[in-house]
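Student: Work out the full structure: start from the sequences and follow the hints.
Letter by letter, the sequence shown follows residues 1 to 429 in this note's numbering.
Source of the hints: derived by calculation from the structure; they are not laboratory data.
Here a beta-carbon is modelled for each residue, glycine too, at the ideal position from N, C-alpha and C.
The reader is advised that the hints may include incorrect statements.
Listed next, with one range per pair, are the computed distances between beta-carbon atoms [unchecked claim]:
(1) 297 to 423: 49 to 59 Å
(2) 256 to 278: 16 to 26 Å
(3) 407 to 297: 36 to 46 Å
(4) 245 to 182: 25 to 35 Å
(5) 252 to 128: 23 to 33 Å
(6) 289 to 423: 21 to 31 Å
(7) 330 to 230: 38 to 48 Å
Derived pair list, reagent style DSS-like, types lysine-lysine, alpha-carbon separation capped at 25 Å [claimed, not checked]:
(8) 402 to 365
(9) 378 to 424
(10) 155 to 165
(11) 165 to 189
(12) 110 to 121
(13) 252 to 210
(14) 53 to 114
(15) 324 to 351
(16) 76 to 46
(17) 313 to 365
(18) 324 to 378
(19) 252 to 293
(20) 210 to 155
(21) 145 to 121
(22) 351 to 378
(23) 402 to 348
(24) 348 to 378
(25) 189 to 210
(26) 364 to 402
(27) 76 to 114
(28) 324 to 364
(29) 364 to 351
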Amino acid sequence: MKNKIIIYGFLLSLFILPKLYSQYDNQAIEFYNEGLGYLQDGENEKAIEFFDKSINVDSTFAEAFNARGSALFNLKRYQEALDDFTLAIELKRSFSGAYHNRASTYRELKVADKAQSDLAKAIEIEPGNHNLYYSRANFYAEMGKFDLALNDLDKVISIQTDDYKAYYTRATVFYETNELEKALIDLNKTIELNSQFVEAYQLRGPIFHKLGNLTSAISDYNRVLEREHENNTMFNRAIANSELEHHDLAIKDFSHLINIGFNPKLSYFNRAVIYYNLGQYDRALEDYNAVLKIEPKDIDALGNVAIIYYESKNYDDAIMIYNKLVDLSPNNSNFYQNRANAFFNLNKYDKAISDYSLAINLDKKNAELYFNRANAYKQINDFENSIEDFRQFLDLARYDNKLVTFVPSVEIEIKNLELKIADKISNQK
1 MKNKIIIYGF
11 LLSLFILPKL
21 YSQYDNQAIE
31 FYNEGLGYLQ
41 DGENEKAIEF
51 FDKSINVDST
61 FAEAFNARGS
71 ALFNLKRYQE
81 ALDDFTLAIE
91 LKRSFSGAYH
101 NRASTYRELK
111 VADKAQSDLA
121 KAIEIEPGNH
131 NLYYSRANFY
141 AEMGKFDLAL
151 NDLDKVISIQ
161 TDDYKAYYTR
171 ATVFYETNEL
181 EKALIDLNKT
191 IELNSQFVEA
201 YQLRGPIFHK
211 LGNLTSAISD
221 YNRVLEREHE
231 NNTMFNRAIA
241 NSELEHHDLA
251 IKDFSHLINI
261 GFNPKLSYFN
271 RAVIYYNLGQ
281 YDRALEDYNA
291 VLKIEPKDID
301 ALGNVAIIYY
311 ESKNYDDAIM
321 IYNKLVDLSP
331 NNSNFYQNRA
341 NAFFNLNKYD
351 KAISDYSLAI
361 NLDKKNAELY
371 FNRANAYKQI
381 NDFENSIEDF
391 RQFLDLARYD
401 NKLVTFVPSV
411 EIEIKNLELK
421 IADKISNQK
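Tutor: Right, dumping it as structure tokens:
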């Protein structure tokens, strides 16, 4: 299951200057400062009223245009915001915040080249501002330009060596590029700097999990769940406990997730797997049937139901399920093979031979298919075809470490069948 990754959205944050007390008309500054208060409280429409007043008093007030653009941005009035940020830049060419904010607006308008250009200009003006590198790193990450994102995050860390969020954000990029060991190093540093930062455990747990360190993964999942009820984390903990054969703990988590309705299809499915491994076939079937109520054509659930029926020697029901599977996936040789095995066990050898033949047409290098069909031919006294299939098995099995041990016994079987053919011919004479 793909784990949820939280990446800090610095790109969307806007740069607003604090209250001003010089350079511009005093009344314009008063209106501007009052507008800032409303902006910070999230009252964007009211903020715009005061920024309008400020601009009406002093039309050279670059910061007021920038602030009004920010309020418009928050209201998703992107073209108007773009116009205001552009005016702010024209009034004050060294205004890095306005370049940054215009870049954010271009990003929303899907104009990537201009967003990138404005971010570069903002950094050129203010190369020591780590937030600008954050923004560009996020921009690059969203574009899939992970190397460039990492370069900017390296710069952030060089400026702010104790910024735990910088290490965390870089870890998320390493996770995306599947550089899990590097991500782990950054997450360890994140936790060293801030052991209460739950998102670090939320990401480190799945990384430990992917690296096969299930005990450490569960430890991190527990840390997350101690602080907040996070369903993805509980699901991952259940999977890890299942892999460690801590069946009771896994069942407890999956049962809770089922009760609250979290991803019921996957929760039922994985609990069914545990019940199957415990030999509790009735419970496993109940859970697989719950999956099939949600998705009647779920091939994995149907396949596992068929296996349970087969292992329970309920061959007729197994065949019924394999009929559905063959209809859903007519090119899957395994379904024909398994249905053939069920027919064989019911002594329906002609039907078994037909299905083995269909499977062989789809998977001509599968030695087991020839072996099984040979035995089916043998049951109906078709010794010639049986010998032919056994010989085909030998040709394939000699190069298969798992099957090569069967070669001597099959060679003996062929000789026995040849004797039976000879006896048959002799008796006919």
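Student: Are the hints correct? Go through all of them and say.
Tutor: Cross-check of the supplied hints:
The beta-carbon spacing between residue 297 and residue 423, approximately 51 Å, falls within the hinted interval of 49 to 59 Å. In this structure the hint that residue 256 and residue 278 lie 16 to 26 Å apart at CB holds, the actual value being about 19 Å. Between residue 407 and residue 297 the CB atoms are about 41 Å apart, so this pair conforms to the stated range of 36 to 46 Å. For the pair residue 245 and residue 182, the beta carbons lie near 31 Å from each other, so the given range of 25 to 35 Å is met.
Taken as a hint, the range 23 to 33 Å is violated for the pair residue 252 and residue 128, whose Cβ atoms sit roughly 52 Å apart. Taking the beta carbon of each, residue 289 and residue 423 are about 52 Å apart, not inside 21 to 31 Å as hinted. At about 41 Å, the beta-carbon gap between residue 330 and residue 230 stays in the expected band of 38 to 48 Å. The hinted pair formed by residue 402 and residue 365 meets the criterion: a straight-line CA distance of about 14 Å does not exceed 25 Å.
For a cut-off of 25 Å, the pair hint linking residue 378 to residue 424 stands: about 14 Å separates their Cα positions. Our distance criterion of 25 Å between C-alpha atoms is met by residue 155 and residue 165, whose separation comes to about 13 Å. With a C-alpha separation of about 10 Å, the suggested pair residue 165 and residue 189 falls inside the 25 Å cut-off, and the hint holds. Pair hint residue 110 plus residue 121 holds up; C-alpha atoms about 19 Å apart against a cutoff of 25 Å.
Only pairs whose Cα atoms come within 25 Å are accepted, and residue 252 paired with residue 210 is accepted, the gap being roughly 22 Å. For the proposed pair residue 53 and residue 114, the alpha carbon gap of about 30 Å is over 25 Å, so the pair is violated. For the hint linking residue 324 to residue 351, the alpha-carbon distance of about 16 Å falls within 25 Å, and the restraint holds. Simply put, residue 76 and residue 46 have alpha-carbon atoms about 15 Å apart, close enough for the 25 Å limit, and the pair holds.
Restraint check for residue 313 and residue 365: the C-alpha separation of about 28 Å exceeds 25 Å, so the hint is violated. Simply put, residue 324 and residue 378 have alpha-carbon atoms about 29 Å apart, too far for the 25 Å limit, and the pair is violated. Taken as a hint, the residue 252 and residue 293 pair is honoured in the structure, with Cα atoms around 22 Å apart against an allowance of 25 Å. At most 25 Å may separate the alpha-carbon atoms for a hinted pair to count; residue 210 and residue 155 exceed this at roughly 29 Å.
A threshold of 25 Å between alpha carbons decides the hint, and for residue 145 with residue 121 the separation of about 19 Å falls inside it, so the pair holds. Between the alpha carbons of residue 351 and residue 378 the distance comes to roughly 14 Å, so the proposed pair stays at or under 25 Å and holds. Taken as a hint, the residue 402 and residue 348 pair is broken in the structure, with Cα atoms around 28 Å apart against an allowance of 25 Å. Only pairs whose Cα atoms come within 25 Å are accepted, and residue 348 paired with residue 378 is accepted, the gap being roughly 13 Å.
The suggested pairing of residue 189 with residue 210 holds, with an alpha-carbon distance near 19 Å, which does not exceed 25 Å. For the given pair, residue 364 sits about 18 Å from residue 402 by alpha-carbon distance, which is consistent with the 25 Å threshold. For the suggested pair residue 76 and residue 114, the alpha carbons sit about 18 Å apart, so the restraint of at most 25 Å is met. With a C-alpha separation of about 23 Å, the suggested pairing of residue 324 with residue 364 holds against the 25 Å cut-off.
Between residue 364 and residue 351, the direct Cα distance comes to roughly 19 Å. Compliance with the 25 Å bound is thereby established for this hinted pair.
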